[in-house]
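Trainee: Sequence:
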Amino acid sequence: MPQPVHEPPEVLREVSSYPLSNVIGDPREGVRTRSGLNQMVGHCAFVSQLEPKSFKEANVDPNWIVAMQEELNQFERNQVWELVPLPSGKQVIGTKWVYRNKLDELGNVVRNKARLVAQGFKQQEGIDFDETFAPVARLESIRMLLAYASNKGFTLFQMDVKSAFLNGWIDEEVYVQQPPGFVDHFNSDHVFKLHKALYGLKQALRAWYGRLCTFLLDNGFIRGKMDTTLFTKKRDDHLLLVQIYVDDIIFGSTNATLAQEFSSLMSSEFEMSMMGELNFFLGLQIKQLQDGIFISQTKYAKELIKKFGVEDSKSLDTLMGKSANIDADEKGKPMDITLYRGIIGSLLYLTASRPDIMYAVCLCARYQANPKESHHKAVKRILRYVKGTQSLGLWYGKQTELDLVGYTDADFAGDRMDRKSTSGTCQFLGGSLVSWSSRKQTSVSLSTAESEYVAAGSCCTQLLWMMQTLRDYELEFQKVPILCDNTSAILISKNPVLHSRTKHIEIRHHFIRDHVEKGDVELVYIDTKEQIVDIFTKPLRTQQHLELRFKLGMLELKD
Numbered sequence: 000m001p002q003p004v005h006e007p008p009e010v011l012r013e014v015s016s017y018p019l020s021n022v023i024g025d026p027r028e029g030v031r032t033r034s035g036l037n038q039m040v041g042h043c044a045f046v047s048q049l050e051p052k053s054f055k056e057a058n059v060d061p062n063w064i065v066a067m068q069e070e071l072n073q074f075e076r077n078q079v080w081e082l083v084p085l086p087s088g089k090q091v092i093g094t095k096w097v098y099r100n101k102l103d104e105l106g107n108v109v110r111n112k113a114r115l116v117a118q119g120f121k122q123q124e125g126i127d128f129d130e131t132f133a134p135v136a137r138l139e140s141i142r143m144l145l146a147y148a149s150n151k152g153f154t155l156f157q158m159d160v161k162s163a164f165l166n167g168w169i170d171e172e173v174y175v176q177q178p179p180g181f182v183d184h185f186n187s188d189h190v191f192k193l194h195k196a197l198y199g200l201k202q203a204l205r206a207w208y209g210r211l212c213t214f215l216l217d218n219g220f221i222r223g224k225m226d227t228t229l230f231t232k233k234r235d236d237h238l239l240l241v242q243i244y245v246d247d248i249i250f251g252s253t254n255a256t257l258a259q260e261f262s263s264l265m266s267s268e269f270e271m272s273m274m275g276e277l278n279f280f281l282g283l284q285i286k287q288l289q290d291g292i293f294i295s296q297t298k299y300a301k302e303l304i305k306k307f308g309v310e311d312s313k314s315l316d317t318l319m320g321k322s323a324n325i326d327a328d329e330k331g332k333p334m335d336i337t338l339y340r341g342i343i344g345s346l347l348y349l350t351a352s353r354p355d356i357m358y359a360v361c362l363c364a365r366y367q368a369n370p371k372e373s374h375h376k377a378v379k380r381i382l383r384y385v386k387g388t389q390s391l392g393l394w395y396g397k398q399t400e401l402d403l404v405g406y407t408d409a410d411f412a413g414d415r416m417d418r419k420s421t422s423g424t425c426q427f428l429g430g431s432l433v434s435w436s437s438r439k440q441t442s443v444s445l446s447t448a449e450s451e452y453v454a455a456g457s458c459c460t461q462l463l464w465m466m467q468t469l470r471d472y473e474l475e476f477q478k479v480p481i482l483c484d485n486t487s488a489i490l491i492s493k494n495p496v497l498h499s500r501t502k503h504i505e506i507r508h509h510f511i512r513d514h515v516e517k518g519d520v521e522l523v524y525i526d527t528k529e530q531i532v533d534i535f536t537k538p539l540r541t542q543q544h545l546e547l548r549f550k551l552g553m554l555e556l557k558d
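Residue numbers for the sequence shown follow numbering that gives the first Met the number 0, beginning at 0 and rising by one.
In short, the hints are calculated from the structure, not lab data.
Keep in mind that a hint or two might mislead.
Label-pair distances were calculated between CB atoms; the ranges are [what the hints assert, rightly or not]:
1. 259 to 556: 23 to 31 Å
2. 55 to 184: 49 to 57 Å
3. 490 to 276: 16 to 24 Å
4. 365 to 255: 27 to 35 Å
5. 159 to 129: 25 to 33 Å
6. 59 to 332: 42 to 50 Å
7. 118 to 55: 34 to 42 Å
8. 59 to 310: 46 to 54 Å
9. 55 to 341: 26 to 34 Å
Quick reminder that beta carbons are idealized off the backbone N, C-alpha and C, glycines included.
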């Protein structure tokens with residue numbers, strides 16, 4: 000849409016509690032980051048260590064006052080809004096300040112960020128917003144990019160768009176209140192009419208994605224057919240890969256010049272924070288070394304242990320005993336449901352780099368509706384295991400071939416309550432574990448072969464998605480092997496005539512036959528002793544757990 004015409008941006012209006020004479024610098028200038036200020040004054044710390052809960056608390060701290068000014072300066076430069084009288088019949092949406100400390104990979108405060116957000120819950124569909132959906136990168140996509148970069152031997156970089164949502168144009172007519180503490184004395188009854196999205200608006204993410212997508216496509220990038228947050232650009236035999244996660248951007252190329260050109264291109268259009276080599280993303284600590292890439296969540300694991308009070312507890316070598324007995328425990332003593340769900344949610348986030356705890360966490364997650372003391376003991380045992388393996392992570396080494404392989408297994412009738420089976424799957428790209436799952440099946444299987452067949456179908460769906468996504472990397476795969484230790488399930492996938500054994504199986508599970516016939520995937524037998532997916536389907540003895548953990552590519556990388 001055409002950009003609206005604006006008058007020259009005005010200086011921030013005077014606030015009763017904070018006079019204009021105290022404003023630092025010219026609002027028309029670019030944002031001066033604290034890292035830059037630190038270099039100018041001998042690395043002094045211009046950051047506050049505390050996060051205020053309200054504007055009243057923030058207004059007495061000079062560091063947070065500067066942070067709020069920086070946010071409003073961004074609004075002026077990006078021509079986000081204009082001050083107008085509220086038209087008759089139009090509703091106004093409230094605004095509030097949100098204060099967050101930005102941390103580095105070591106947990107140190109590097110920046111105070113004051114964000115002005117709109118109270119989007121007051122918006123009405125069809126009036127203030129229409130479509131809201133925008134794609135967000137999956138963690139599997141991030142891990143596939145890391146595995147590909149490790150295999151090809153190039154470095155990944157990271158950049159951040161400053162106030163990204165302020166760059167997205169909106170079509171709806173939206174009015175918001177003046178920011179708390181920054182009200183124009185002469186027009187106190189006026190409101191701001193938005194031309195661009197504001198954080199908190201329901202359509203903000205969609206507006207930003209639309210702006211960024213249009214910009215990249217206009218500059219010769221190709222959007223991924225399956226993963227629409229992936230953008231690629233080819234020059235000769237070199238490929239530039241760009242992965243978008245809201246306002247965080249990961250990029251890298253087999254040609255360093257392409258990566259430099261992309262950095263310059265983005266900086267010419269948006270205000271960017273260049274963070275150099277990728278080392279911390281979505282809570283993942285990433286170390287790019289000469290012989291591979293190491294992914295971990297050591298910092299998060301330490302915070303988890305401290306948060307739930309197991310710092311003084313003895314660490315354990317295993318998640319649960321081989322004969323672990325976890326059920327509904329209807330006669331057990333109830334525990335705090337909020338605390339239990341908080342632990343489960345935190346542990347599920349930790350599985351982003353810790354497949355070794357996937358089965359135990361998912362098993363305990365089944366009892367969130369009515370947790371008992373026995374369930375709390377089980378999750379506390381997981382925390383004690385994490386305490387002893389804080390620096391454990393995934394190692395993506397360099398392999399000669401960039402092949403794709405899947406593993407599948409099932410624990411027949413493993414759930415003691417409803418006798419449903421548990422499916423376990425994992426997928427490797429170039430020898431690097433990039434995807435895994437542990438999930439209770441939706442229907443009761445009547446045989447081991449059926450449970451294995453259903454699990455193989457789940458593995459197939461994930462592999463098909465990965466195959467389609469990797470085509471954007473210019474990688475083609477045929478007859479991708481799915482390693483299964485059940486010969487009956489393999490025969491069922493190849494022979495559609497076994498009516499007596501398979502007529503009761505739901506039709507949706509039979510799609511794997513079509514892909515076996517087409518040559519997309521191939522079920523291959525593997526000895527049960529070599530089946531690494533057991534770690535996702537059942538409790539294991541200590542030695543077996545350690546062996547499978549190693550086969551998954553999990554190591555401890557010491558500093």
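Trainee: Check the following: the C-beta atoms of residue 159 and residue 129 are separated by a distance inside 25 to 33 Å.
Mentor: Given about 29 Å between the Cβ atoms, the range holds.
Trainee: Within 16 to 24 Å: is that where the Cβ-Cβ distance between residue 490 and residue 276 falls?
Mentor: 49 Å, violated
Trainee: Kindly confirm whether 34 to 42 Å is satisfied by the beta carbon distance between residue 118 and residue 55.
Mentor: 18 Å, violated
Trainee: Could you check the hint for me, namely that residue 55 and residue 341 are 26 to 34 Å apart, CB to CB?
Mentor: 29 Å, holds
Trainee: State, for the Cβ atoms of residue 365 and residue 255, whether the hinted interval 27 to 35 Å holds or is violated.
Mentor: 48 Å, violated
Trainee: Between residue 59 and residue 332, is the Cβ distance one that fits in 42 to 50 Å?
Mentor: Holds - the Cβ-Cβ distance for residue 59 and residue 332, about 46 Å, lies within 42 to 50 Å.
Trainee: At the C-beta level, are residue 55 and residue 184 separated by a distance inside 49 to 57 Å?
Mentor: 19 Å, violated
Trainee: Take the C-beta atom of residue 59 and the C-beta atom of residue 310, compute their distance, and say whether it sits inside 46 to 54 Å.
Mentor: 34 Å, violated
Trainee: Between residue 259 and residue 556, does the beta-carbon spacing fit 23 to 31 Å?
Mentor: Once the Cβ atoms are compared, 29 Å apart, the range 23 to 31 Å for residue 556 and residue 259 holds.
Checked against the numbered hints given earlier, this structure breaks hints 2, 3, 4, 7 and 8; the rest are met.
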